[in-house]
Amino acid sequence: KAGVTQTPRYLIKTRGQQVTLSCSPISGHRSVSWYQQTPGQGLQFLFEYFSETQRNKGNFPGRFSGRQFSNSRSEMNVSTLELGDSALYLCASSPDKETQYFGPGTRLLVL
Amino acid sequence: AQSVTQPDIHITVSEGASLELRCNYSYGATPYLFWYVQSPGQGLQLLLKYFSGDTLVQGIKGFEAEFKRSQSSFNLRKPSVHWSDAAEYFCAVGPSVSWGKLVFGAGTILRVKS
Chain V
1 KAGVTQTPRY LIKTRGQQVT LSCSPISGHR SVSWYQQTPG QGLQFLFEYF
51 SETQRNKGNF PGRFSGRQFS NSRSEMNVST LELGDSALYL CASSPDKETQ
101 YFGPGTRLLV L
Chain U
112 AQSVTQPDIH ITVSEGASLE LRCNYSYGAT PYLFWYVQSP GQGLQLLLKY
162 FSGDTLVQGI KGFEAEFKRS QSSFNLRKPS VHWSDAAEYF CAVGPSVSWG
212 KLVFGAGTIL RVKS
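Chains V and U supply the protein sequences, listed in that same order. All letters in the first sequence, in the order written, are residues 1 to 111 by my numbering. All letters in the second sequence, in the order written, are residues 112 to 225 by my numbering.
Just chain V, same shape as in the assembly (with noise of 0.2 angstroms):
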């Protein structure tokens, strides 16, 4: 089975413009969460979905925004960007409720 792919791997904004990353889960799963990767925070939970619905929410604000699609397939959103919002973006996905394989991740660059 091929793994979580992430697009696009890589990726420069400037402050103010929005961004959507997307996510392809391996086949079957259908649950996908979101981390955001920073070297002062750390791994951080961002939020997660399944069959098109958000379960669960992170301490993000509002700027931060997801969907999922009927395919599984998720993107997420960032409007608004601050330097701060540079990170390695990382989507994870779940057959069941124990285990997430996660994907290489988007590294997002804010100038």
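Treat the hints as calculated values from the structure; they're not laboratory data.
If you want a taste of the chain U side facing chain V, the calculated C-beta under 10 angstroms gives, among others:
(1) 143
(2) 157
(3) 160
Built from N, CA and C at the ideal position, the CB exists for glycine as well.
On the provided structure of chain V, position chain U as indicated by the hints.
The following block gives chain U in isolation, referenced to the frame of chain V:
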């Protein structure tokens, strides 16, 4: 509040030596526990997981971890480290009733010297 502590930010071991990475957690309910490894510029790879049952769990690449409820610990071990094990290791805890929302420790960077 849920939290995971990895006390060692950096660890250096010689190739062939044994390894133990420490992880302590704070969790109100029965936790699911995980160890992930991350190579530079890469995503996270699952090494092993513990949900219930035998407190000594085996993972990939020769790693094992032992769950000790009394000490709220889930330490990762490997009897003989290889140079390719150099990476960052993350301990994580998750709720047994929710699919997402893993809480990660800060990570331990492992350096292997030849």
